[in-house]
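Number of protein chains: 2
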Amino acid sequence: MFEIVKSDLLLLETELLSVIHSPEKLITDISKHLVEAGGKRLRPALYFMCTKNQVSTMEKIMPMAIAIELIHMATLVHDDVIDNATTRRGKSTANSCWGNHSSVLIGDYLFAKAFSLVANKASNEMLKVLTDVICSMCEGEINQNRSTFIADQTENDYLKRIEQKTADFIAASCELGGLAVGLSSEETKALREYGYSLGMAFQITDDILDITASSEQIGKPVGNDLRQGIVTLPVIFALEHSADRDELREIVQTKNMSEEKIKRGLSIIQDTEAIEYSYKRVSDYLDHARSVIPASITGEHREAFHAVADFVGLRSY
Amino acid sequence: MFEIVKSDLLLLETELLSVIHSPEKLITDISKHLVEAGGKRLRPALYFMCTKNQVSTMEKIMPMAIAIELIHMATLVHDDVIDNATTRRGKSTANSCWGNHSSVLIGDYLFAKAFSLVANKASNEMLKVLTDVICSMCEGEINQNRSTFIADQTENDYLKRIEQKTADFIAASCELGGLAVGLSSEETKALREYGYSLGMAFQITDDILDITASSEQIGKPVGNDLRQGIVTLPVIFALEHSADRDELREIVQTKNMSEEKIKRGLSIIQDTEAIEYSYKRVSDYLDHARSVIPASITGEHREAFHAVADFVGLRSY
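From first to last, the protein sequence lines are chains A and B.
Just so you know, we're using numbering that gives the first Met the number 0 here: the first sequence kicks off at 0 and counts up by one.
Just so you know, we're using numbering that gives the first Met the number 0 here: the second sequence kicks off at 0 and counts up by one.
In short, the hints are calculated from the structure, not lab data.
A couple of the hints might just be wrong.
Identical chains share a label here; the pair holds if one copy fits it or two copies do between them.
Said to hold, decoys possible - Derived lysine-lysine pairs resembling BS3-like cross-links, with alpha carbons at most 30 angstroms apart:
no.	residue 1	residue 2
1	Lys120	Lys90
2	Lys188	Lys51
3	Lys59	Lys260
4	Lys90	Lys5
5	Lys51	Lys262
6	Lys39	Lys159
7	Lys188	Lys90
8	Lys279	Lys262
9	Lys159	Lys31
10	Lys164	Lys31
11	Lys59	Lys159
12	Lys164	Lys51
13	Lys59	Lys5
14	Lys59	Lys254
15	Lys5	Lys262
16	Lys120	Lys262
17	Lys24	Lys279
18	Lys159	Lys24
19	Lys59	Lys262
20	Lys159	Lys279
Predicted model, so just to flag it, every value in this text is computed and none were measured.
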């Protein structure tokens, strides 16, 4: 899928390992662990993809790509502290290896390192996009935390939350790509909208997989959202349409649910059309993403934008 | 002491409350709690003081002052999560009121908000100073964590640590003041050195007070450093010079010490000349701070620089 940015992403890996090097060995060790734990590098990949419409140099483009991934890593390491998570993508989390103390600080270090890398390079407009999106993500996460175990939520509440939690950052990654190579404000706006729709589709798919996938597929226990009281789109649909809605409501509102109850909750959701409905929303967002690809993007480059949208629609992990 | 920047600091309080306002009410609530918990506002006060040698506007100067204090608040809120602290300055910590989840995110939010405020306003050089100092603080904190309960440490290990943990940020606050109003690089360097020496003196005094003050004076339990295994200057001195050095060594290396043992440790330290020695170091740093005040700073303004040095030397809380 990401053939067009493959060499950029390879270079990114080397650069990531290089910038996280600190005189404080423990910082280097933990950061290296985080880089090597991998990940899809979706955000920098999209950023790179959005720079391809103009000729530019790696020297000009790379720092922001590194910053984007470092910020993503920082949010993940703090998420794992918050959730007391022991594994991510099948590998041990930083907090499970080095404790919360170092993990909170590593997150702060990665945030600061990210800004340090771009402070001298990016335009003020780009810096503003980057900082605003972190504020938005924190708002989304805090909102999510506040609304756990609450059954009375609308689809709009959910959409607003995943917009802040996920889609805004993916939108910003695309926008930053356009800004980095000086595309017109119209094109940059379109790239942002592409990223936004992609991000919404990405998060809804994530929330579907938490209900339908096997734990091997997604590298974490199934039903995790329900367990943590996070009310996602399929749950909201089922709470409205299921014949067993009262029982589901009870399950959603209960903290420290038994595994049996979680299984029952998942089964109630799956017995409705919640999954089909949610996939329909994914497909709507992806259609919209495809429809806003700027006309100036053509050929192999345009195909790549389509391929990413296809990938987000099909992924099962 | 801070008469010369009194009106700036008053305005800062209003501005702090205004910038932390978020559509997500919980963010506003927690941030408001943090702002209203107060603090000495030492860093922005020094920053303001260092801008006074040139005529400038509040519009130009204020954003960085807010950013400096927000970053300080962010590090404190993360420190309290890490240390599981329930009170700070005699008031409840954010983590004790709202839990670790929201507190980690609030710290991230404040970091991002700080950068967001200055991204459009400050020069690239100023942004670089700000981001580098956060990296340095994280390195210092991680270093401190790694070296807890280790008795074999030199004074240089300690000095390096408090430089990163405390002095660098106070140095940066002064440097940023000079940069904000375009002082010469020589003057800005001197202001940085003033701040650095002040910061070293400030932290050594903190570490002395942890041994000599009453818990009412400092708003937290006495002997806290010893309890947490943090090896400070008086401890290093006593480990070298006390007749009971072997007993102290044992105490320093023991985790989960009894209150009786901590008391005994404090008494061993106080029976040496550790406190006098440490105060001598404070006084050396303050003399140096006074000696580097740029010659261009005169009159009432110069007196303020001296008054701050006097204050750091005399403070007992």
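| Which of the numbered hints are not met once you compare them with the structure shown? | 1, 3, 5, 7, 11, 14, 15, 16, 17 and 19
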